[in-house]
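Asker: So you can see what is in the structure, the chains are spelled out below.
4 protein chains.
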Amino acid sequence: MFKHNYQLRVRYGDTDQMGYVYYGNYGYYYEQARSEAIRSLGFTYKQLEGMGTMMPITRMNVKYISPAYYDELLTIETSILYMPHRLIDFAYRIFNEEGKLINEGNTQLIFIDMATKKVTHAPDLLCQALKPYYE
Amino acid sequence: MFKHNYQLRVRYGDTDQMGYVYYGNYGYYYEQARSEAIRSLGFTYKQLEGMGTMMPITRMNVKYISPAYYDELLTIETSILYMPHRLIDFAYRIFNEEGKLINEGNTQLIFIDMATKKVTHAPDLLCQALKPYYE
Amino acid sequence: MFKHNYQLRVRYGDTDQMGYVYYGNYGYYYEQARSEAIRSLGFTYKQLEGMGTMMPITRMNVKYISPAYYDELLTIETSILYMPHRLIDFAYRIFNEEGKLINEGNTQLIFIDMATKKVTHAPDLLCQALKPYYE
Amino acid sequence: MFKHNYQLRVRYGDTDQMGYVYYGNYGYYYEQARSEAIRSLGFTYKQLEGMGTMMPITRMNVKYISPAYYDELLTIETSILYMPHRLIDFAYRIFNEEGKLINEGNTQLIFIDMATKKVTHAPDLLCQALKPYYE
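Chains as they are written, first to last, in numbering that gives the first Met the number 0: chain A, 0 to 134; chain B, 0 to 134; chain C, 0 to 134; chain D, 0 to 134.
Rather than coming from a laboratory, the hints here were simulated on the basis of the structure.
Don't take each hint at face value.
Remember, identical chains collapse to one label, so a pair may be satisfied in a single copy or spanning two.
Listed below are the simulated SDA-like cross-link pairs for lysine to any residue, each with C-alpha atoms no more than 25 Å apart in a straight line [to be verified]:
| # | residue 1 | residue 2 |
| --- | --- | --- |
| 1 | LYS2 | PRO55 |
| 2 | LYS99 | LYS130 |
| 3 | LYS2 | MET82 |
| 4 | LYS62 | THR52 |
| 5 | LYS62 | MET113 |
| 6 | LYS116 | GLU48 |
| 7 | LYS99 | GLU134 |
| 8 | LYS117 | PRO131 |
| 9 | LYS99 | GLY51 |
| 10 | LYS62 | PRO131 |
| 11 | LYS99 | GLY49 |
| 12 | LYS62 | ALA128 |
| 13 | LYS130 | GLY18 |
| 14 | LYS130 | SER65 |
| 15 | LYS2 | PHE94 |
| 16 | LYS116 | GLU71 |
| 17 | LYS45 | MET113 |
| 18 | LYS130 | PRO55 |
| 19 | LYS2 | PRO122 |
| 20 | LYS62 | SER34 |
| 21 | LYS45 | ASN95 |
| 22 | LYS117 | GLU103 |
| 23 | LYS130 | LEU100 |
| 24 | LYS116 | SER34 |
| 25 | LYS45 | THR74 |
| 26 | LYS45 | GLN31 |
Chain A with its partners taken away, still in its complex shape:
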């Protein structure tokens, strides 16, 4: 299975008055991790869009296990759960500096042809890059 680790630093503006990272910000963190996971395959999400495929999100599930705090360096492990067809599912696990699992989630994205606005198949470029991980 394809997995990738990405690190990000919690910003002051990401916290709320509870002193925790605001729950609404995890979707942004997942996007950063997902984007870097794709980059590690040798191309970018931006390039996929440039080739005419956009990938809006259809579902997101988040489990908040423990808070994240300002200035923590979080590690986000991103997995692609299966070979994508019309959908692609990413799973995320976020670890804090002590290696404790503090958040788990997943997002489902759908491939849309930007010209027709219709559902389409995952781009070849992406499928070719992922194939070795799912054989």
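With chain A held as given, fit chains B, C and D onto it using these hints.
Answerer: What follows is chains B, C and D alone, placed relative to chain A:
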């Protein structure tokens, strides 16, 4: 069951380059709707915090059905699914100006005693206000 | 001079661990106020964009006088400082529930023809609506 | 003068429907750059707060020269303009991947004693670290 409707206007800054409301912003929308739902009971989430109980989120699930666009006036229907004990579950349904259901989600929150940082029961004030809806 | 008042409620997610509205969020507040100020003229910023003119920001200045807090109902007074030509300047003053001035700022926007990507004059629709205020 | 360079990647969620980084997000970018500039001095903003000094923003000025786009790797140069006393002024210059200056800004912060909520002098730790740059 307790239900409440709230309307909000999509901000320019909430959109992304796809022209849709960015998927990561729905948690913010849910918070606004949840906060106004509590206000309609005769007190505020701020007061609950002031009385020593905070309510971090433990889970969020979001289903993105159709995009929301800049300047749309969205209606968010918030429901509290059952009488809260140590947890409280809110469900949300977002409708656009044409009355089309475009997003569904739910969040689970846990009651934490701010002094002890331990899980606690839902505050009496909240339970009393909700009781009539669940008898 | 054209002036307009708009009220908004501070969201939990807008605060940071200092317990204040995070300084980076005021640009969003200004946008909401500006957008409603334009709506009060009888059309929308969205319509101006639909007619082929976009208005990116060229400058923003913000003076933070006192903090804003979660759940406060803020009043934002928006003024358009002069008849727009190629630029339009909005000034903002934010008052809290006690009527105290807590924030002042301004933004300068430039009119861009979306087809040519060149600077253009303020749309007639906007000029006609503003004329009575600057004679 | 003390200067520091920091790189950050534009997130999808930072863009708006114009396809540009939303103007309201630059305050967040400045914070990231400022925070890393302080870290490069051998301690963190978090530690300064932990020692009882908080630093709310009193002013921000932003000049938007050219747009920033999704996935660009921006370089933010942060300068501290003079030895801090009761105030500290940071200036920022943002360059895109082609080395073009696309944004300039500055923020003024004030030192507040968290116990008394009164204005105080810059912490010794910070002054000692900055001294060599202003002699």
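Asker: Need the list of violated hint numbers for this structure, in ascending order.
Answerer: Violated hints (numbers, rising): 2, 7, 8, 9, 10, 12, 13, 14 and 23; every other hint is consistent with the structure.
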